[in-house]
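2 protein chains.
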Amino acid sequence: MRILYHLPLDPGCRKIRLMLAEKKLAFELKAEQIWERRESFLRLNPAGEVPVLVEEDGTVLPDHQVIVEYLEECYPEVPLLGHGPFERAESRRLANWFDRKFAQEVSELLLEEKLMKRYLGTGTPDSSAIRAANSNIHHHLRYIAWLCDRRTWLSGDDFGLADIAAAAHLSCLDYLGDVPWEQHEGAKDWYARVKSRPSMRPLLADLMPGSPPPKHYADLDF
Amino acid sequence: MRILYHLPLDPGCRKIRLMLAEKKLAFELKAEQIWERRESFLRLNPAGEVPVLVEEDGTVLPDHQVIVEYLEECYPEVPLLGHGPFERAESRRLANWFDRKFAQEVSELLLEEKLMKRYLGTGTPDSSAIRAANSNIHHHLRYIAWLCDRRTWLSGDDFGLADIAAAAHLSCLDYLGDVPWEQHEGAKDWYARVKSRPSMRPLLADLMPGSPPPKHYADLDF
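Here the protein sequences line up with chains Z and U, keeping their order. Just so we're aligned, residue 1 is where the first sequence starts under UniProt numbering, counting upward by one. Just so we're aligned, residue 1 is where the second sequence starts under UniProt numbering, counting upward by one.
A couple of the hints might just be wrong.
Note: identical chains are not told apart, hence a pair may lie in one copy or across any two.
Lysine-lysine pairs mimicking BS3-like chemistry, simulated, CA-CA at most 27 Å apart [unchecked claim]: (1) K114 to K101; (2) K114 to K24; (3) K30 to K117; (4) K101 to K117; (5) K30 to K188; (6) K195 to K114; (7) K215 to K114; (8) K188 to K23.
No lab work stands behind these hints: they were computed from the structure.
Let the hints inform the model, and build the full structure from the sequences given.
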């Protein structure tokens, strides 16, 4: 069986879980506490990060961006990046928007300050970082609404990598109760459509011991 | 003529300049002072970042990673990511090693503290960040030597994206005089081979007004 080393509230890992499920590829999840720097895990990925995908034939693939391209090349039956170089460029541009820009301005700040510091006991949350993230998120939710005014899904007519990347980040923050959906109807409509996809079900069932999500997290009609 | 909006000492921009040159694609460089947030540039790339490539037919491609994949798809005559999904995964893994890990631990720190703060007048350099970067760089130079002990080029038998990404970052730091080549013979041998490629010549001729590079920067026999 294909194995995905992951952490439940890591956006890069959630992206790969969604992508595998959309492509209908079976896999087994193994949680990897990367801060323990397990030697046999470092042999799989010297960068020490999750996700790492191990294919049934033993092929090891680290790095969420590397895995995305590999899966799209090897399992093209359900295409998730679009058809043709320009559609694929737009999918990648928007995925990187969330994986880099949204991460830096919003999700990394909230996950670090509100989740990891508490979980690892590495200090008290920095309230100015949390305030900055809570302010920056509005800009990105408006961008989602703007895109959905012009397109069916974020990068075009079909559900794909851009939606997956955005949902990977936003679902982590929604677990923390940190997405102001009520002020952003357009983004909320998009997320309701994403949430109803079967690939999202396992993510909506995630449960961090001692930190349950808010009630609306798994609710399709939130 | 194809246009590349860029900044001379930005590793992502250098990566695209090298890739275009290796693929023998003609292009014109336009320096973009991204901190001025020019409206017509923001229409090309709402993320406000360089590089942005504009093809002769008007196709606009922002984001160095997006441009890499687009060029490899559209101009496969000189392949730079390798043949087959696993070779391409290894090229992308190593490119991301430099674009993310090396950037975070070394190059972004040095370029921000030693170049941008001075250039934009946004404060005095943080000596603890510079010390951290100067210490971290050794680990990465050892990794380059380790790879070259086992392979001709960083990701395998052929010069490609991994070498280009590593050279893009290291050549920026070499312009600042911040690469301890003398302590890392293996990495130095690799960089000497990279430097002798015609695609490197324009980068070695870059000159920042008021901040000339050290003498060895453009010297092939450094």
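These are the hints, each one checked on the structure:
1. Within a single copy, K114 and K101 get their C-alpha atoms as close as 19 Å, and across copies as close as 24 Å, so both meet the 27 Å cut-off.
2. Taking the shortest Cα distances, K114 and K24 never come within 27 Å of each other, neither inside one copy (33 Å) nor across copies (49 Å).
3. When the C-alpha separation of K30 and K117 is checked against a cutoff of 27 Å, the pair qualifies only within one copy, where the shortest distance is 22 Å, while the shortest distance between copies is 43 Å.
4. In this homomeric assembly, K101 and K117 come within 27 Å of each other (Cα to Cα) both inside a single copy, at 22 Å, and across copies, at 21 Å.
5. When the C-alpha separation of K30 and K188 is checked against a cutoff of 27 Å, the pair qualifies neither within a copy, at 31 Å, nor between copies, at 40 Å.
6. Taking CA atoms no more than 27 Å apart as the test, K195 paired with K114 passes inside one copy only; the shortest distance there is 24 Å, against 46 Å between copies.
7. Within a single copy, K215 and K114 get their C-alpha atoms as close as 18 Å, which meets the 27 Å cut-off; across copies the closest is 49 Å, which misses it.
8. In this homomeric assembly, K188 and K23 come within 27 Å of each other (Cα to Cα) only inside a single copy, at 25 Å, whereas the closest approach across copies is 44 Å.
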